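Work out the full structure: start from the sequences and follow the hints.
Just so you know, the sequences run in chain order A and B.
Using our numbering, the letters of the first sequence correspond one by one to residues 1 to 149.
Using our numbering, the letters of the second sequence correspond one by one to residues 1 to 179.
Don't read these hints as lab results, they were simulated from the structure.
There's no promise every hint is true.
[Unchecked claim] Some but not every residue of chain A turned toward chain B, in silico, with C-beta under 7 Å:
(1) Leu44
(2) Ala47
(3) Trp48
(4) Gly50
(5) Glu117
(6) Ala135
Quick caveat, the model's predicted, so the values are computed rather than measured.
Cβ atoms here follow ideal geometry from the backbone N, Cα and C, with glycine treated the same way.
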Amino acid sequence: MVSHPSGGRIESRHAQCFPPSPHPRAAAQVIGALTIVVSVAALLLAAWCGLATARDQPTKDWHMIGMAVVTVLALAQLVVGIVQVSSGHKPTGGAVVFLAYAVGTMLIVPAGMSLVERTRWGSAIATAGGLVVAALELRLVQVWGGGHG
Amino acid sequence: MAEAKPEQGTPSGSRQGLSTQGEAEGKARNMTQGGTKHKIGEGPGRLLVSLYGLFTVAAGSRAVYQLLAQYHKAPLSYILSAFSAALYAFILVTLVRGGESARRIALACCGVELAGVLVVGTLTIVMPSAFHDQTVWSYYGVDYLGIPLILPVTGIIWLRRAAQQGGTAAAPAQLTADA
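So, in structure tokens, the structure goes:
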């Protein structure tokens with residue numbers, strides 16, 4: 001959450017108008033933190049589903065919950081990204097590109113949801129999805145502009 | 001199954017009128033086609049389908065955006081990206097459709113794809129000045145985790161194996177699918 005210097009109480013009065021440029025540094029930090037969280041979750045998912053692939057197992061309900069967690073985190077990142085772009089942050093790579101990447105990142109894991117392929121290859125697809133999300137997070141940070149520092 | 005519907009297509013329609021030997025041949029042919037169809041888009045093939053789907057979207061949206069927004073910056077790079085996206089989309093369709101002819105077309109396209117990655121990857125190293133922006137195939141696809149190079153190689157191996165093993169290899173794959 002971005003903390004306002006004059007306190008959170010005025011937020012309700014100013015609900016209609018966004019401040020022109022609220023703390024680009026803090027904004028970058030929130031996206032940066034979310035990027036790390038999503039990347040770690042995606043890599044854990046990849047490792048977990050990779051284990052299932054190695055053991056010749058299909059994905060189970062718990063894997064599905066893991067995929068849902070990664071998707072929800074990516075959705076949270078997309079929402080925060082939209083809010084911060086609309087309140088004045090300009091991603092170095094361009095707002096359209098950033099939002100396209102954020103939407104894409106959110107859709108990767110559900111698109112690969114291995115509901116159809118109930119074999120080890122379903123787990124392999126989920127593994128690939130996790131790795132791709134982690135790679136896209138790197139790209140997101142570059143496009144956002146807070147990555148190299 | 002007992003009723004012969006005209007819209008059911010020629011294989012079942014012709015089977016009605018054929019002798020038992022012809023019927024068996026028809027069934028065998030159908031099974032082979034069904035087996036091949038199973039194999040190129042399912043099991044390990046499904047992983048290929050998802051990766052080709054991902055790259056169709058990734059390369060396609062990138063190419064469309066760059067061609068629309070900044071065409072004059074690096075036309076060659078963007079046209080190459082668009083070409084690779086079209087190739088990915090085409091292979092995706094053949095993998096999903098399945099069947100022997102689709103398998104052959106997919107194999108040929110994977111060859112083109114591999115050649116493209118190797119040529120563009122080498123050119124970006126030998127004469128980087130020719131490319132004013134990155135493509136999916138630049139530096140052998142290192143920006144994309146090297147998947148652009150791995151994908152056609154895996155595809156060719158997979159599609160060749162699908163042909164060599166014939167209809168019999170579909171059985172174990174299906175057993176694991178049912179288990």
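Verification of the hints:
1. Interface hint status for Leu44(A): violated, as the beta-carbon distance to the closest one in chain B is roughly 18 Å, over 7 Å.
2. Hint status for Ala47(A) relative to chain B: violated, with the closest Cβ pair at about 16 Å, above 7 Å.
3. Because the closest C-beta pair between Trp48(A) and chain B is about 17 Å apart, greater than 7 Å, the hint is violated.
4. With a least beta-carbon distance of about 12 Å to chain B, the hint placing Gly50(A) at the interface is violated under the 7 Å criterion.
5. Contact between Glu117(A) and chain B, as hinted, is supported at the beta carbon level, the nearest pair being about 4 Å apart and thus within 7 Å.
6. Taken as an interface hint, Ala135(A) checks out: its beta carbon lies about 6 Å from the nearest beta carbon of chain B, inside 7 Å.
Hints 1, 2, 3 and 4, counting from the list given before, are not met by this structure.
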